[in-house]
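Protein chains in written order, with my numbering: chain A, 1 to 113; chain B, 1 to 113.
Since the hints were made in silico from the structure, they are not lab data. Quick reminder that beta carbons are idealized off the backbone N, C-alpha and C, glycines included. All clues given are correct.
With a straight-line cut-off of 20 Å between C-alpha atoms, the simulated SDA-like cross-links for lysine to any residue are:
| no. | chain 1 | residue 1 | chain 2 | residue 2 |
| --- | --- | --- | --- | --- |
| 1 | B | K42 | A | S85 |
| 2 | B | K83 | B | T13 |
| 3 | A | K42 | A | T10 |
| 4 | A | K42 | B | H10 |
| 5 | A | K22 | B | K42 |
Stretches of chain A that chain B covers, calculated by requiring three or more beta carbons in the stretch to come under 8 Å of a beta carbon on chain B:
| no. | stretch |
| --- | --- |
| 6 | 41 to 49 |
| 7 | 102 to 110 |
Here's the letter readout for the chains.
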Amino acid sequence: GENVEQHPSTLSVQEGDSAVIKCTYSDSASNYFPWYKQELGKRPQLIIDIRSNVGEKKDQRIAVTLNKTAKHFSLHITETQPEDSAVYFCAAPARTGGFKTIFGAGTRLFVKA
Amino acid sequence: EPEVTQTPSHQVTQMGQEVILRCVPISNHLYFYWYRQILGQKVEFLVSFYNNEISEKSEIFDDQFSVERPDGSNFTLKIRSTKLEDSAMYFCASRDSGNYEQYFGPGTRLTVT
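Take the sequences, apply the hints, and build the full model.
This is the structure:
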């Protein structure tokens, strides 16, 4: 079945450093890869997404890279700030279930001031 | 910007009681979803709904669960006889037919005592 693996589960960085979170997916037909940020008690919030026809996408301090051959995509956050502290989920839509979203297990990011 | 809304924000119920969680998807969206997130865990797919019927349901979505779109705006999740392990955050999501992006509601925190 469809599967999305995410690591690390926890990541602690110093303010100003970069953070990288990596995910792999199993369905080679997947062609849309969103990243969500979730603060405690809140909904998952889409922060960036990438489609399979591009290899990289940037939005200010966040970027996502995609390697379709390896079925691997990553989130990069540069110049981290304390407000970046949250849980980050990668995801991919499944071909069934109306493109239901399959989430990774999440990465808890701590940015130390 | 249109948003998915959910009510109530928090529901406390006793084991064995029935609960109905309500969602109002974005008005022109055609695909509807329920997801569940147990505290500290990842977001899990429960059920997808399109054209007035279930597209797919997960193993979690057993006979105690049902969904309904009783009118043109609401989308409900009913749990017939709640168990302690049903305690979780329940997110509704919707999307239109032209995009993969799903829009999540703010969630309903269900506490079963």
